[in-house]
Amino acid sequence: MNAVTPHALLRKEDQRLITGTGQFSADAKATGMLYGHVIRSTHAHARITRLDLSAVLSTVGVRQVLTAQDVQAAGFADLPNVLQVKDPQGQPQTVCNMPVLAHDKVLYVGQPIAWVVADTALQAQDAAEVAQIDYDTLDVVVTFEDATAPGAVQLHAQAPGNTSVKFEAGDRAAVDAAFAKAHFVSDIAIESQRLVGSPMEPRAVWAWHDETKGVTHVHTPTQGVGGMARFLAQITRWPHESMEVHTHDVGGSFGLRSTAYSEHLLVMLSTRELKKPVRWVGSRSEVFVSDWHGRALRLHGHIALDAQGHILAMRFENQVDVGAYNVYFSTHIGARNLSITMGGAYQVPALHMSSHIYFTNTVPVSSYRGAGRPDIAYAIDRLIDHAAHQHGLDGLTIRRKNFIPPQAFPYTTANKTVYDSGQFESVMDHAIGLSEPAGFAQRRADALQRGCLLGRGLAYYLEASGPGGAAKDQVRGSFDAQGVLSLHALTGASGQGHETSFAQIIENEIGLPTSAVRYLAGEPEQGLVGNGTGGSRTLYGAGSAIKNLCQQLMTQAKPAIAALWTCSEADIAHAKGEWQEAGGAKRRLRFADWITSLGAQAAEVHAVGEATSGVTFPNGCHIAEVEIHIATGVAEVAHYWAVDDVGLVISPEQVLGQVQGGVVQGMGQAFGEHAIYDRETGQLLTGSYMDYPMPRAGGLVRHFHHETHAVHTGLNLLGSKGVGESGCSGSLPALANAVTDALRQVGAPPIDMPFTPAKLWAAILASPHKP
Amino acid sequence: MKLTLKLNGTPRSADVPERTLLADLLRDTFGMTGTHVGCDTTQCGCCTVHVDGQAVKSCTMLAVQADGCTVTTIEGLGANGLHPLQQAFSQCHGLQCGFCTPGMVMASVDLLRRNPKPTPAQIAEGLSGNLCRCTGYVNIIRAVQQASQAMQGDAP
Amino acid sequence: MYAFKYQRAESVTSAAAALSADDEAKVLSGGMTLLPSMKHRLIAPTALIDVARLPDLIGVREQADHWWVGAATRHQDVAAHVGLQKAIPGLAQLAGLIGDPQVRARGTLGGSLANNDPSADYPAAALALQADIITDRRNIAADDFFLGMFATALQPDEIITGVRFCTPLRCAYAKFKHPASGYAMAGVFVAQYPAAGADHDGWRVAVTGVANSVFRWHEAEQAMAKGTTTPALQHDDVIDDVHAPAAYRTHLAMQMLAQACQAF
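Heads up: the protein sequence lines correspond to chains A, B and C, in order.
The first sequence begins at 1 in my numbering and counts up by one.
The second sequence begins at 1 in my numbering and counts up by one.
The third sequence begins at 1 in my numbering and counts up by one.
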């Protein structure tokens, strides 16, 4: 086996990850470490009538047992809900926060009730079994109908009808008026089913308290240490300078590692009280019932068109299941993310949506890859196809007629979102051009010969990337005596390869080779302002700050270059990492060479780059051909073509990797994934990989073709748009439209995801026409 | 209970409770944390190591069952530099977060040992015991193909 | 898992003795079903008697009109056995469809049969191939071995040492894999033996994954004997769950029967 020099690897992250020398949170060892275990509710809805942990405490190896009383005595708050909205009458949302440990009621299977710390993880687990817990079970509600039915059992005394809020956005009157005069009207109710996000690294955290400095160090996967530190400070009510969050390698996140969970707070409390490091690592079965769930949305979309096929209005009535409590981003999803781009890429003069946000006896819901944006993109493009077919119109023609044209940007939507750029028709034509449309009829006939129904579906998605809560993004850059540039920021990668992309930006801007750049973001950076990772904004957010850093470095060094050339600064221009003397000898000097020439003095070169980068609007066209085997209902994606406008591309391989990953997660949702609850008992029936079908290497798309179609955005210095979540937004509607098209051959009506073999077989069997 | 085994070429001994899993022995006793635990139903394959040359799921083996065996973990792969599969995984962007990667690589090594020139379908079948949530598998399959060519001496 | 004592058996006899001395002790072979159950704390054996390295329990051997497979033989070794692939192709094929490659490197025949998971594969082979399950004290015919969900005719301290599969004229196995677990959502093993003196002209069809235990599909056997169409499967205990309603599962059984017969 030949040795490989580092530059032959694609990414800087790879060396440690392919050799098993990465640092994931369950890998760390500390002297005297203790281990925590959570005692969880086995009932979906119950009063705890007895909680006797005395036997637990006296079990071998046990150091501590905590309950809600201890958490309360420590002064901890409940887990936060990030966004609170009002209903149309101005009534504030009823927010029911989740306690770190349950008080006298449990509202979902898996809810944390008590905490045990012992010398070993096995001892803690053994001890937990002798807890004496008595439950008085209550009725369970897991569906919208059951939860909101008159007389249904109430989860929270303050939330009648198990309703958190009925939120509206847009102009109801304008929409009603448009529907009244419409020539064509159509509607479709779709479900974006509850999912288990399941990053491959189970959730984990460990903490230790530095007595001398009065700082608790928390080591855990995050999407940015700053965001997690803020949540921890908010819940513990400890001064923010008394805690530090450290993030090393993160085994996938997709939104689920950006928030503090009960275990974070419990290890922090335990380590301060026991004066030893404390660690908790979840088992996969636990993580199934304790990582926040994703999606769990039902959208009923309505569309009104005039006789020429122009869209007059769209309306969505949404049911947003947030689970047992309002945690973190569920309102953000149900209110903002479902509405901000609810017209998609189309000119829609009137828009309105209502979101009924409600509680059920299930795991609370928060962000999972796309967090509402794939769901609204899904609803929009299914609606357009549905309307087209219902009225004998052509879906492509409707899209063309209604796309926001390039000359209309910046474009303000009917609900006041401002899109900056797009070439929707060109992107769609680009995708169609790749997708061999002329051969489809033959492919369909061939498929039928083989006993399969082949369907083709196209979707045009547009989404809004994350706005970022911080005022700006900053990146600190400093050189060491060897001329290596270290960049520090507050982002949080979980596979996106920031270390590689950001080194690439540096190389692109000032010619410093990527091997001379290190990107570090897992440590608390005092004095830096910036956003964590979420909503697909890091590449353009922190990346723009890096570009600004480069500009500053070039400008900052001018006095030194002027001294070197004994000329005035005014005579020095710079472009792409090189200073140029305007007159005289027209000398040139590259930044990389200058830094090398400084030797140890390079350590005096530093700057803080910054940029303010708001929302961007990634968009694209995805086309899928799905083949359903009639005899078994098994669906395969025969072809998948995707063209995405993600603005300026820094790292083409990583952009492709993000799209592939997102599309396959979309396939997972489309064809099998579903967190299914038993309606009577509230037990999660799909509580492990035995019952929850994760996509595997074998169940794949046969041919996958992706291209980018860059439309520059002026919304940030870099000119890039997000890409991390686009794969989900494009794939759900493309795949669903393809399946719907396939089923249409036998006259079967549209059905909801997941398109499992059992459902597809039954749909074909029940259809009026035989294949 | 005492056990000895050969770990990445070196004889090692341990005395652990019988219920210690091989994955725990590797990670906790021997500090080889490259082998990861991703599930508790023997499905994700993140814990894949080689025992007596075969890829197995170390989370579903007791440490004591490996007594007297030869065990290779990701840390022991590529004694001089990187194994062609490690190189190919990186070059083909077959990893993003890296959590499934050690198990995926170890399973791939065994796959190529059994079938040095697999088709994409055979690769997919050979990796049916390994889950990845980030990559969508497309690049993983390409990586195994590339490594297969490299190991055959073919030009990539 | 809970704590237990572990011993590596020196012989089948000593393993049997250890089992009779402790009625909460269990045999450990591949561990692919036993260890996950223990990890979930569903069972708590006091001791594990490891028989996986006993040479008497390992091997694939032709013997006159049948093949013997040792109880501790790994699935991958059954699947890869060239002689078996020719003589009893369905059996080799089945072994290669169990779980995934890593599971097949460890899992064994004896463990699978003793557990009798309603969705396991081997029980279908045993039933269709007129197997004799050979234990440390007797032979049990497959027709008498599988008693119900996770229930077999084995006594608590009885150890399977091997299985004799009668060599058929021809056979095949078709399996529809559960998209999550990889177990059989429907698995059909079809074997044909000489017609003379045999029920249904020597046809044997066994179905797994569809009901609460593996069963013989007599209507299919009859139909194959007569050359008529097999009627839809009727069974009182068809599994009906969120993954597959009963009607779909029985339909799949039909599909797998057709697929298996394509080999003929």
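Incorrect hints may have been included.
Listed next, the in silico PhoX-like pairs over lysine-lysine satisfying Cα-Cα at most 20 Å (straight line) [claimed, not checked]: (1) C:LYS5 <-> B:LYS2; (2) A:LYS759 <-> C:LYS5; (3) A:LYS558 <-> A:LYS576.
Residues of chain B clear of chain A, computed beta-carbon distances all greater than 12 Å [stated by the list, open to error]: (4) THR4; (5) ARG12; (6) VAL51; (7) ASP52; (8) GLN54; (9) ASP67; (10) THR73; (11) THR101; (12) ASP110; (13) ARG114.
Ranges between beta-carbon positions, derived for each pair [unchecked claim]: (14) A:GLU680 <-> C:ALA196: 41 to 47 Å; (15) A:ASP119 <-> B:GLY68: 54 to 60 Å; (16) C:SER20 <-> A:ALA631: 34 to 40 Å; (17) A:ALA73 <-> B:GLY31: 34 to 40 Å; (18) A:ASP119 <-> B:LYS6: 28 to 34 Å; (19) B:THR29 <-> A:PRO749: 57 to 63 Å; (20) B:THR4 <-> A:ASP446: 57 to 63 Å; (21) A:PRO771 <-> C:ALA247: 15 to 21 Å; (22) B:ARG113 <-> A:THR137: 50 to 56 Å; (23) C:SER37 <-> A:ASN97: 36 to 42 Å; (24) C:ALA151 <-> A:LYS166: 27 to 33 Å; (25) C:PRO194 <-> B:GLN152: 43 to 49 Å; (26) A:GLN347 <-> B:GLN152: 34 to 40 Å; (27) A:PRO749 <-> C:PHE264: 57 to 63 Å.
I should point out that these hints are in silico values taken from the structure, not numbers from a laboratory.
Where is the CB? At the ideal position from N, CA and C, for every residue including glycine.
Hint check results:
1. C:LYS5 <-> B:LYS2: Satisfied, since the Cα-Cα distance of roughly 12 Å is no more than 20 Å.
2. A:LYS759 <-> C:LYS5: 47 Å, violated
3. A:LYS558 <-> A:LYS576: Holds, at about 14 Å.
4. THR4: 22 Å, holds
5. ARG12: Consistent with the label, ARG12 (chain B) stays out of reach of chain A, its closest Cβ about 17 Å off (over 12 Å).
6. VAL51: 16 Å, holds
7. ASP52: Nearest chain A Cβ is 20 Å from ASP52 (chain B), so the label holds.
8. GLN54: Fine: 19 Å to the nearest Cβ keeps GLN54 (chain B) off the interface.
9. ASP67: At about 20 Å from chain A, ASP67 (chain B) clears the 12 Å cut-off, so the statement holds.
10. THR73: 7 Å, violated
11. THR101: 5 Å, violated
12. ASP110: About 15 Å separates ASP110 (chain B) from the closest Cβ of chain A, which puts it past 12 Å; holds.
13. ARG114: ARG114 (chain B) clear of chain A: closest Cβ-Cβ about 16 Å, beyond 12 Å.
14. A:GLU680 <-> C:ALA196: 41 to 47 Å: Since GLU680 (chain A) and ALA196 (chain C) have Cβ atoms about 55 Å apart, the given range 41 to 47 Å is violated.
15. A:ASP119 <-> B:GLY68: 54 to 60 Å: Once the Cβ atoms are compared, 30 Å apart, the range 54 to 60 Å for GLY68 (chain B) and ASP119 (chain A) is violated.
16. C:SER20 <-> A:ALA631: 34 to 40 Å: 50 Å, violated
17. A:ALA73 <-> B:GLY31: 34 to 40 Å: 38 Å, holds
18. A:ASP119 <-> B:LYS6: 28 to 34 Å: 30 Å, holds
19. B:THR29 <-> A:PRO749: 57 to 63 Å: Since the Cβ atoms of THR29 (chain B) and PRO749 (chain A) sit about 59 Å apart, the hinted range of 57 to 63 Å holds.
20. B:THR4 <-> A:ASP446: 57 to 63 Å: Holds - the Cβ-Cβ distance for THR4 (chain B) and ASP446 (chain A), about 60 Å, lies within 57 to 63 Å.
21. A:PRO771 <-> C:ALA247: 15 to 21 Å: 19 Å, holds
22. B:ARG113 <-> A:THR137: 50 to 56 Å: 54 Å, holds
23. C:SER37 <-> A:ASN97: 36 to 42 Å: This hint holds: roughly 38 Å between Cβ atoms.
24. C:ALA151 <-> A:LYS166: 27 to 33 Å: 53 Å Cβ-Cβ, so the 27 to 33 Å window is violated.
25. C:PRO194 <-> B:GLN152: 43 to 49 Å: 47 Å, holds
26. A:GLN347 <-> B:GLN152: 34 to 40 Å: 56 Å, violated
27. A:PRO749 <-> C:PHE264: 57 to 63 Å: Roughly 39 Å apart at Cβ, these two residues miss the hinted range, so it is violated.
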